[in-house]
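Given next are the chains, with one letter for each unit.
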Amino acid sequence: MKFKRAAFAAPLAATLMSVPAVAADYKIDTENAHAAISFRIKHLGFSWLTGRFDKFTGTFSYDEKNPDASKVKVDIDTASVDTNLALRDKHLRAADLLDTDNFPKATFESTSIKTTAPGKAVVTGNLTLHGVTKQISFNAEHVGGGKDPWGGYRDGFTGTTELTLADFGIKRDLGPAAKTVELTLDLEGVRQ
Amino acid sequence: MLIRDTSEGYGLISRLFHWLMAVVIVAMFILGVWMVGLDYYSPYYNSAPDIHRSVGMILLFALILRWLWRIGNPKPTDEDLSPLERKASWGVHWGFYVLLFALLVSGYLISTADGDPISVFGWFDVPSVVQARGLETPAGKIHRILAYATIALAVVHSLAALKHHFFDKSTVLTRMWSGPNQSSEKDRHE
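Going line by line, the protein sequences match chains A and B.
Terminal number for the first sequence in this note's numbering: 192, no gaps in between.
Terminal number for the second sequence in this note's numbering: 1190, no gaps in between.
Note that these hints are calculated values from the structure, not bench results.
Treat the hints with care, since some could be wrong.
Rough simulated footprint, nothing fancy, chain B against chain A, three-plus residues with beta-carbon under 8 Å [stated by the list, open to error]:
id : segment
1  : 83-92
2  : 173-183
Covered stretches of chain B, as calculated for chain A (at least 3 residues, CB under 8 Å) [unchecked claim]:
id : segment
3  : 1055-1062
4  : 1108-1117
5  : 1134-1148
Below, simulated DSS-like cross-link-like pairs (lysine-lysine); rule was C-alpha separation at most 27 Å, straight line [to be verified]:
id : chain 1 : residue 1 : chain 2 : residue 2
6  : A       : K73       : A       : K55
7  : A       : K171      : A       : K105
8  : B       : K1141     : A       : K105
9  : A       : K171      : A       : K55
10 : A       : K55       : B       : K1087
11 : B       : K1163     : B       : K1087
12 : A       : K73       : A       : K105
13 : A       : K171      : B       : K1141
14 : A       : K27       : A       : K73
By construction, the Cβ of each residue, glycine as well, lies at the ideal position given by its N, Cα and C atoms.
Let the sequences and hints guide you as you build the complete structure.
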């Protein structure tokens, strides 16, 4: 009986797997902060200054079998910028930098994902920042995934890209070493 | 030379408060407008705001002392003003106290929003009392509006003083400069 059932189940499973797999949808776990949007920029060319956007939400879909079909979308509250110094954060929100009154939201939405090595991919998409939408690419990596201890299922990724501030219409001169900023997304999602 | 105010006019302490704070407040406004436009590579990028913050904290203490001195002294007469002018001058004078207090507190909140104290010229620290995420940005906007409002009120106040001096031949301006004795003596001799 057991063999029979297995014999029956095996082709069924194979059939299911051969069907173009439907990617699972994930909600990024911002509620419990297992996700972060951080950036770093050179200060005078002497050191790295790091900061975060503390408020954001997002979703992604991920299919282990066909990672290139995955998608990711993140909405960032630009006023939630935090560099651990209120005066600097105030300036970052001001009109000559992020201008968060006029551009309170930044978004990233992927348009294509290309696997480059097992667990690694280039995630290309449109970033809207400071009212300017531009195509950018993250070097992304699947960090891990599986059942969590509380009955859910999670997958996590990290991705880094480099932005030129002037490309997004941010003209404030922060010095020759600070034309670009590194942006890192660390995203853990809970399967819905 | 009178130290305290009388019903005739202002004593030395009130006059010092008035003119010193007037000069410092105007200078702070100019410094403030100038420093927010500084380039990151300006040598004054860090020192100008430090001076602005330090002077601001001293102004806050001075304003509180001045208010205590005001309520603890007789109010010089303003009976040569019309009832409307008297109301307006009451509004302008107390408007200054309210505006300046709000202006100084809003400035304090910008710098202390994330818990950092304000160092007053390195002499002592004024600790942070209120911390709230992102407070620095609304506090900054309010600070800017109040600064312009204060200067606008100062212009009204100055024009009114000049009007009383030149058109009404009133002693309000001279008694604020040289005290009550001279003018009241002069009045008596006339």
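Tell me the hint numbers this structure goes against, listed in increasing order. Hints 3 and 10 not satisfied by this model.
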